[in-house]
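*Asks:* Position chains D, P and V against the provided structure of chain X, taking the given hints into account.
Residue numbers (the numbering used here), protein chains in the order written: chain X, 1024 to 1327; chain D, 1024 to 1327; chain P, 1024 to 1327; chain V, 1024 to 1327.
Because the hints were derived from the structure by calculation, they are not lab data.
Any given hint could turn out to be false.
Where chains are identical, the list cannot tell them apart; a pair therefore holds if satisfied intra-copy or between any two copies.
Stated by the list, open to error - DSSO-like, lysine-lysine: derived pairs with alpha carbons at most 30 Å apart:
#1 K1323 to K1305
#2 K1305 to K1107
#3 K1242 to K1107
#4 K1107 to K1041
#5 K1242 to K1081
#6 K1081 to K1041
#7 K1323 to K1107
#8 K1081 to K1039
#9 K1039 to K1305
#10 K1155 to K1039
#11 K1155 to K1033
#12 K1107 to K1081
Quick caveat, the model's predicted, so the values are computed rather than measured.
Listed below, chain by chain, are the residues.
4 protein chains.
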Amino acid sequence: MTDFQNVIDKIHADLKDKVNRGLVASYIPELSNVDPHQFGLHLKHMDGRSFSTGVSQKAFSIQSISKVLTLAMALPLYSENIWKRVDVEPSGNPFNHLSLLELENGIPRNPLINAGALVVADILVSRLTNPKEEFLQYVRDLANDQTINYNYVVAESERLTGFNNFAAANLLKAYHNLENNVDDVLDFYFHQCSIEMNCEQLSNAFFMFANHGICTQGKHHLTHSRAKRINAIMLTCGFYDEAGEFAFEVGLPGKSGVGGGIVALLPHHFTITVWSPGLNPKGNSLLGMQALEQFTSETKLSIF
Amino acid sequence: MTDFQNVIDKIHADLKDKVNRGLVASYIPELSNVDPHQFGLHLKHMDGRSFSTGVSQKAFSIQSISKVLTLAMALPLYSENIWKRVDVEPSGNPFNHLSLLELENGIPRNPLINAGALVVADILVSRLTNPKEEFLQYVRDLANDQTINYNYVVAESERLTGFNNFAAANLLKAYHNLENNVDDVLDFYFHQCSIEMNCEQLSNAFFMFANHGICTQGKHHLTHSRAKRINAIMLTCGFYDEAGEFAFEVGLPGKSGVGGGIVALLPHHFTITVWSPGLNPKGNSLLGMQALEQFTSETKLSIF
Amino acid sequence: MTDFQNVIDKIHADLKDKVNRGLVASYIPELSNVDPHQFGLHLKHMDGRSFSTGVSQKAFSIQSISKVLTLAMALPLYSENIWKRVDVEPSGNPFNHLSLLELENGIPRNPLINAGALVVADILVSRLTNPKEEFLQYVRDLANDQTINYNYVVAESERLTGFNNFAAANLLKAYHNLENNVDDVLDFYFHQCSIEMNCEQLSNAFFMFANHGICTQGKHHLTHSRAKRINAIMLTCGFYDEAGEFAFEVGLPGKSGVGGGIVALLPHHFTITVWSPGLNPKGNSLLGMQALEQFTSETKLSIF
Amino acid sequence: MTDFQNVIDKIHADLKDKVNRGLVASYIPELSNVDPHQFGLHLKHMDGRSFSTGVSQKAFSIQSISKVLTLAMALPLYSENIWKRVDVEPSGNPFNHLSLLELENGIPRNPLINAGALVVADILVSRLTNPKEEFLQYVRDLANDQTINYNYVVAESERLTGFNNFAAANLLKAYHNLENNVDDVLDFYFHQCSIEMNCEQLSNAFFMFANHGICTQGKHHLTHSRAKRINAIMLTCGFYDEAGEFAFEVGLPGKSGVGGGIVALLPHHFTITVWSPGLNPKGNSLLGMQALEQFTSETKLSIF
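Bound-form chain X, shown alone (with noise of 0.2 Å):
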């Protein structure tokens, strides 16, 4: 039987020190000012053990990852026609965003890049009541804390700078495959994607992918068949342009966030998040991504 403490102290140890740990991201002041120190890791076993090492209990901006948790939302509200409005393919591509959309007539080629989660976001915002209010609900259950939050400068921030996004809205409604004013969207969008959250939290919030759709609470969000889907997706297109290296490396589902978060999973068998600010040249964080290779290379734990 493994031993995950083990494990996760020796990446911690081996990792914690290295110069070179990639950037910070810069284009806002809340995630600039980020110290680049710090690396922490949390995995949540299906047999109820928790693991933890270094600065596992900071939050930090969870930034893309909240794509996962709009979809896991979104789908039992909106069902199988979001397939409609969205594909399941990798965009296995680090340019031209902007241009697949009008390539592909406005339907984003997967939900998990920016394009998509808009889509996502759009259902959300017509089908829910308090669109942030619940969707913040929503993440607070799975990860079982009542204490997550957004973060409001930072989500002002992305609305201040956030052109990229602005042009993908537009291009969306464009396209007519926006139901909302680009404005709402965008707004339930920053808000998503500014929330908070720890290791363990999110460790705690993607066990239902690991667990057939039940989450640490035992309620079921997900049936079975979703549960596997979402993991497909985000093997298939979790790391944007590097989904191919992360499923090549590491042998994971898992999605990054520009926050520096990384949480991947083991179906039927554990959650792992890792968090370090610093990110390389695609995106993703430098030192996350080597402790996450560590750890298959060791455990020898993968989906593969």
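*Replies:* Just chains D, P and V now, with coordinates in the frame of chain X:
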């Protein structure tokens, strides 16, 4: 000596009852309600003569034709610096307008595609004290007609539905190629496109491009070199992805608009404006293109 | 314990009389003449059991399935240097295959698209003394069947009509990513694709990918890590622009070929091969895709 | 009346000692060995006068300049059917030449990009009994000089290294836009590009484009309309992705080749040829571009 009146009367007679007139632009009510049976021509010669036929005195929405006039106004204000922010190459491209902008890092391909015209609009918003008032006065002076005006209803309709332009402006902003707020630039842009002019007014306004930069009133608005260069841009970029076709079939510098107007000119000789609201699939006036092809075939007058 | 015989018999019964079976590949006579009504499955389990149904003993053209086998043979010969010449990212792209190659300076997106497989073929041509003989022997050994052979008529037909592959190989050569002559690489490539195998032989040949690199005869062909990585590439890149869809609907690493075969596998458990010659519009076996979807739905066996 | 001799002598004096002369094409030995210090001009006027300066009698490889001559020869043979197989729009594109071809289903953007010239070559191979002999005779007659010849060493070097052209021809073949064998079309194409001519011979050969289709010997090779249209294509497509720049800065129809030659013309007035082997980053003669800019600035002679 060419009998211009006879030529344009014959063109008018040959084409005016055509059944296939293309489709009137339908994306805003103000354009979709225009009667497609209208058809007018006006030719203004450097020797002082003018020739009209058909509905040459009825004002229509000049739309993209305005891009040549903003460029002419911006060039003396911003000088050759403008070419650092927008290129002069044909886009040659029916699709992927935003993708080109992405591939080329926010430098629009030329000042006559929407993204390029937004950069020019941004320059005017920065350099003019009252941009909308001053540009309107510029157009009135060029056409020597103080009654020319914006159509505020058209401008407002564009603001409410012009999502593609919002997308382009935000993308330019993301690439730091807009100095002003997206909304301010678009407000100016939607107004410039909404200007209403008739064939005669347009022939007069474009007279300076055929006359080394000197307008009908004798004022030197542009240097000879700049007038020549704007003509070159019109020839290579004036008809979206039909620019090559227009050079090939007609052989005159010109610019079209989705209102159904086309202005063309033979340097040192004349300007000619055609208006018919129905558009071909590429967005250029269907009868207008045919009229100008017939005109250069019959007169043998072209730059080639 | 899953009753595999019962499951595959039911799938066969449910699908065998489907009217809509897709279109048989028609670009060469040898493929277009195959009877579309054939349908077979074979499953080989790690515990030694085998299960067959339908036309599981009839050989067909393995086509692109061969790309996984050349990759497996090349990897130990060329080691990690291979990843300097070919990437591991999904192409996610139904169109522009050569354009991707241009955009990415001659580095194919992954080893399972044609351009990537040509680079792998080039490696084998460089490293093997008698490339075609040695590769064929490798496949025979993996499948433990010395009767497997090339179909020389198919290979010659491909040579006469495979202009897209000639284009790709020449483009690779222009980017200095082929060491050998274009004709030599293509000769090898057309032969590898022409190999004929039946469902059982393919399940046997792919057994090592499910079994940590150890083939049915107990020979260690690949390290555990490399077997795992090839599985990751199959999952993210094995089905052209339907890779995301296959991961989403089926959830197994696999590879399809235009001959109508699909091999898939659950690591540590089994390999399964399906054959039905009719293809869906993306070029994957129509019944084959449906059969594997039904298989993972009914058995709940997938990597997710 | 313009003193052309004085103008070109001044240009020659101003530019001949420039240190920055660009880089000589290096992809085949025959081009890379050319002395970059050579610089010549020749102008042939419709009134019969000729003007030369510098190395105007030294033959060089005309390369892509030949594409205009094959088009002129093919047009009467194939008539307007040619425009079903090749378009007349500028490519405006420094990259992705093959991708454009893919996006546009095998219809090259215009006859002056390589793919388009291959289609024109295919037409000549189909329509002529002895394609290479007859085309060479056509060029000799146009230039009124029977000494003009292919450089067979250059043609053979291109055949051995022109992988991009092999890629393009095979892609055209895949789209059924080549009637003949790839090798036959490329053999013709590599020979047409290898023709060696000097500035005077080129000015003479292109005389018909300035003279309504009538060559220096008074023979009517092209209708007025077709001569005009080829001029339009030269203007919009003659300089790769610098076509807009050339129209903007020079304002004459023209065509460049990687041998360092540029031919330009003012319809009804003159042809002018410049040669300097060093190329700018876009592949056009660096001094040649500067010489023509200076020429039209000083003479004020342009089509605009």
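*Asks:* Work down the list of hints and note, for each, if the structure agrees.
*Replies:* Status of the hints after comparison with the structure:
no. : hint           : verdict
1   : K1323 to K1305 : within (26 Å within a copy, 35 Å between copies)
2   : K1305 to K1107 : both (29 Å within a copy, 18 Å between copies)
3   : K1242 to K1107 : within (28 Å within a copy, 47 Å between copies)
4   : K1107 to K1041 : between (45 Å within a copy, 25 Å between copies)
5   : K1242 to K1081 : within (26 Å within a copy, 49 Å between copies)
6   : K1081 to K1041 : within (20 Å within a copy, 57 Å between copies)
7   : K1323 to K1107 : between (38 Å within a copy, 25 Å between copies)
8   : K1081 to K1039 : within (16 Å within a copy, 57 Å between copies)
9   : K1039 to K1305 : within (21 Å within a copy, 46 Å between copies)
10  : K1155 to K1039 : neither (36 Å within a copy, 50 Å between copies)
11  : K1155 to K1033 : neither (39 Å within a copy, 47 Å between copies)
12  : K1107 to K1081 : neither (39 Å within a copy, 38 Å between copies)
Violated hints, in rising order: 10, 11 and 12; the structure is consistent with all others.
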